[in-house]
Amino acid sequence: MTKVVVAMSGGVDSSVAAALLKEQGYDVIGMMLRLWSEPGKEESNRCCTPDSMAQARRVAARLDIPFYVIDAKDVFHKTVVQYFLDGYARGETPNPCLICNRQIRWTFLLDHALALGADFMATGHYVRKQTVEGGHQLLRAVDRSKDQAYVLHVLNQEKLARALFPIGDYPKPEIRAIAEKFGLPTASRKDSQDLCFLAGEDYRNFLKRNAAEMLQPGEILTRDGRSVGEHTGLANYTIGQRKGLGLASLVPLYVLGKDSATNSLIVGTQEELGSQQLTARDVNWLSGETPSEPFRAEVKIRYTAKEAEALVIPVEGNQVQVRFDAPQRDITSGQAAVFFQDAIMLGGGIIL
Amino acid sequence: MIYLDYSATTPVDPRVVAAMTPYFSESFGNPSSVHRYGQVAEAAVDSAREQVASILNCSADEIIFTSCGSESDNLAVRGAAYAMREKTGAKWILASRAEHPAVTKTLSHLEKYEGFLVEWLDVDSSGMITPEIVSKALCENTAIVSVMYANNEIGTINPIKELAEICSANNILFHTDAVQAAAYLSLDVQSLGVELMSLGAHKFYGPKGVGALYVRKGTPLISHLTGGGQEFSLRAGTQNVPYIVGFAEALKLTNEERAQRVTHVKPLRDQLIGTVLETIPDSQLTGSLESRLPHHASFAFKDVDGNLLLTLLDAAGFACSSGSACKTGNPEPSEVMNAIGLSRDWGLGSLRVTLGIHTTPADVDSFLKVLPEVVEKARKLR
Chain A
72 MTKVVVAMSG GVDSSVAAAL LKEQGYDVIG MMLRLWSEPG KEESNRCCTP
122 DSMAQARRVA ARLDIPFYVI DAKDVFHKTV VQYFLDGYAR GETPNPCLIC
172 NRQIRWTFLL DHALALGADF MATGHYVRKQ TVEGGHQLLR AVDRSKDQAY
222 VLHVLNQEKL ARALFPIGDY PKPEIRAIAE KFGLPTASRK DSQDLCFLAG
272 EDYRNFLKRN AAEMLQPGEI LTRDGRSVGE HTGLANYTIG QRKGLGLASL
322 VPLYVLGKDS ATNSLIVGTQ EELGSQQLTA RDVNWLSGET PSEPFRAEVK
372 IRYTAKEAEA LVIPVEGNQV QVRFDAPQRD ITSGQAAVFF QDAIMLGGGI
422 IL
Chain B
3 MIYLDYSATT PVDPRVVAAM TPYFSESFGN PSSVHRYGQV AEAAVDSARE
53 QVASILNCSA DEIIFTSCGS ESDNLAVRGA AYAMREKTGA KWILASRAEH
103 PAVTKTLSHL EKYEGFLVEW LDVDSSGMIT PEIVSKALCE NTAIVSVMYA
153 NNEIGTINPI KELAEICSAN NILFHTDAVQ AAAYLSLDVQ SLGVELMSLG
203 AHKFYGPKGV GALYVRKGTP LISHLTGGGQ EFSLRAGTQN VPYIVGFAEA
253 LKLTNEERAQ RVTHVKPLRD QLIGTVLETI PDSQLTGSLE SRLPHHASFA
303 FKDVDGNLLL TLLDAAGFAC SSGSACKTGN PEPSEVMNAI GLSRDWGLGS
353 LRVTLGIHTT PADVDSFLKV LPEVVEKARK LR
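Those sequence lines, one after another, are chains A and B. Residue numbering for the first sequence is 72 to 423, as defined by the numbering used here. Residue numbering for the second sequence is 3 to 384, as defined by the numbering used here.
The set of hints was computed from the structure by calculation and includes no laboratory data. Treat the hints with care, as some may be off.
[Stated by the list, open to error] Per the computed footprint, the stretches of chain A lying under chain B, defined by three or more beta-carbons under 8 Å from a beta-carbon of chain B, are:
hint, stretch
1, 177-191
2, 376-382
[To be verified] The following label-pair restraints were derived from C-beta to C-beta distances:
hint, chain 1, residue 1, chain 2, residue 2, range
3, B, F26, A, G96, 34 to 44 Å
4, B, P13, A, D135, 44 to 54 Å
5, B, G117, A, K252, 34 to 44 Å
6, A, K149, B, F26, 29 to 39 Å
[What the hints assert, rightly or not] Computed far set for chain A versus chain B, every beta-carbon distance over 12 Å:
hint, residue
7, V76
8, M102
9, F138
10, Y139
11, Q208
12, Q219
13, D240
14, N281
15, N334
16, N389
17, F395
18, D396
19, P398
All residues carry an ideal CB built from backbone N, CA and C; glycine is no exception.
Bound conformation, chain A alone (with noise of 0.2 Å):
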């Protein structure tokens, strides 16, 4: 019988990944990661608290298969979260889902499955694949209101292979019907960007501290070098931010960017807040293949972004260009942008 070890966090969608493919006839292995939390902070981590736990050790039960915790809180440490305190401390604004996409769970978890004799790993996740002549494919979600095609852009060739994604087929009010039908619990956690190691914090209070050095005092600046005010430390400002930023103008002005050489924030007009480029660095293309010509495609820079009309440019150095039709608010340093045509996801980078 073929092995799959699903990645199960005791939510509706991870728990309808697991009885759609034991209804399919796979043999099951439920799995979870124990993350990394700061000390004492264990029970808010969104991921991983004792309460999800037992949540999905009882959705495993009712399931009848197997059920497996993995320590992953060094392994996360390391990675995850210190490239949430790297980012921030180079200026950018860095979105540590993707790093724990590609490391913890399609590396370090895909790993313990096949170790334990898995043919393939599924997720909750709302994506679907398609495996064409040549290769596998990354399409958005059915659901395009829930896809969550932009964190799995760090995807490859290899770990696509060995990828299921039962629940990408069907819209969010059918997957609740499942789970009514299978005896799961409906309940969903809350979709939020928070990350789960901040414990339904403000990063920036994580940051004060776990990372209080990087919190240096600076200029605030506009875009012509007049110094307007100054700034509590550039991690504490997103690109596009207005508000809290103690300025008094005659019209609101807004963060444009951050200089990490001169530790000074960037502000402007609403007018200036838009920008037609931008440069992305470390693509991932899904093919495995870097595209020769430039090409259209509907690029998302955040994940909550609207697609946005544009060319992309592969261009020296794993980076790409890409020049939108229309201007784009809020370009920032540090999240992805990912490249889509129609469903096909076709790759991304991380925002220079």
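Got chain A sorted already, so can you dock chain B onto it with the hints?
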């Protein structure tokens, strides 16, 4: 699946189930009742008590039935601590660092909330408490000494007779947790010389949810489960008649078949230990080689996550246990691993393999075939 975790629990012997069955719906009376229903139930409990007493070489009124081994430990340690303080004012309790949590947590509780003082005795590198260790630690203010008969994690058997002698010579109560020992070692309390001894049925093919405490006549003990006068007013609550019957039947069978059970498991266990140490690099036996439960093998593997090892073994079809096992993926080396002086890189990689009456040579062979590659896999995943 191959079950190699008999120290965690054992399957109930069908003969035990048969002995218990009439006492659920047929002879269901409350032993405290005056009428015939009650008399029948009471007779069953009395017979069970006599049966257990004859195996322990004591009188029936020295046996207190409880709900489990942990409850027996609680009654022994708490009950004796309170009683000794009342009687003599002594409030020091000595216990091994390698005791089961049923003892260690109870003592910590007595220390924190009741003003008792606990001295934790260091074990030697095999996990043993020697007579010298106890001699050195005794003082006139010592109320109780508690040392387990055999250790659950590493199988080490303590010299209970010698330890009890020292205590008795100093008029100090001696308690032993014999939960792990009962399946294989003599439980003759006269020869052991203990005042208090805890037992639990599910370690010797009896049901979960029933235990017993031996209390030598004249031992001061204060009840901590108060209510009706059951169990000589030392443990209130309607007796769990079918389970008490099951306890006695399981112990009887264990006593009758002890020699042949030892003959069955010991060679398999020896083969297991020998082969593991030969075939797996950076491995060691934990506990003592000589003074060891005959069904018990325990190892430490360097640079292995013990929890992951259990997961991989389970997926490969083998049910084992570990001194760092934790279902929530948050492993820490156990107190026992720390007590025998294992460093963290060894202590996290512990594995306990315990055999039983249903273990076959083929089971052990197939386990030994799989274990080296599983350990290798676990090391690679670190």
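Status of each hint after checking the structure:
For the stretch 177-191 of chain A, the stated coverage by chain B holds: 5 residues have a C-beta nearer than 8 Å to a C-beta of that chain, and at least 3 were required. For the stretch 376-382 of chain A, the stated coverage by chain B is violated: 0 residues have a C-beta nearer than 8 Å to a C-beta of that chain, whereas at least 3 were required. Checked against the given bound of 34 to 44 Å, the beta carbons of B/F26 and A/G96, roughly 40 Å apart, stay inside it. Hint check: B/P13 to A/D135, Cβ distance near 20 Å, so the stated range 44 to 54 Å is violated.
For the pair B/G117 and A/K252, the supplied restraint of 34 to 44 Å is violated, since their beta-carbon distance comes to about 58 Å. Checking the proposed 29 to 39 Å range against A/K149 and B/F26 shows it is violated: the Cβ atoms sit about 56 Å from each other. Under the 12 Å C-beta cut-off, the non-interface status given to A/V76 relative to chain B is violated; the minimum distance is some 9 Å. A Cβ of chain B approaches the Cβ of A/M102 within 12 Å, the least distance being about 8 Å, so the stated non-interface status is violated.
For A/F138, the shortest C-beta to C-beta distance to chain B comes to about 9 Å, within the 12 Å cut-off, and the non-interface label is violated. For A/Y139, the condition that its CB be more than 12 Å from all CB atoms of chain B is violated, with the nearest at approximately 4 Å. Every CB of chain B is more than 12 Å from the CB of A/Q208 (nearest about 30 Å), matching its label as outside the interface. Residue-level check passed: A/Q219 sits 24 Å from the nearest beta carbon of chain B, beyond 12 Å.
Interface exclusion of A/D240 from chain B stands, the closest Cβ pair being 29 Å apart, more than 12 Å. With a least beta-carbon separation of about 20 Å from chain B, A/N281 lies farther than 12 Å from that chain, consistent with its non-interface assignment. Distance to chain B confirms A/N334 as a non-interface residue, since its nearest Cβ pair spans about 39 Å, more than 12 Å. No beta-carbon of chain B is positioned within 12 Å of the beta-carbon of A/N389; the least distance is around 29 Å.
Look at A/F395: its CB is around 43 Å from the nearest CB on chain B, clear of 12 Å, so calling it non-interface holds up. Consistency note on A/D396: stated as away from chain B, and its beta-carbon is indeed over 12 Å from all of that chain's, at 47 Å minimum. Against the 12 Å criterion, A/P398 stays outside the reach of chain B, whose nearest CB is about 47 Å from its own CB.
Comparing the model with each earlier hint shows violations of hints 2, 4, 5, 6, 7, 8, 9, 10; every other hint is respected.
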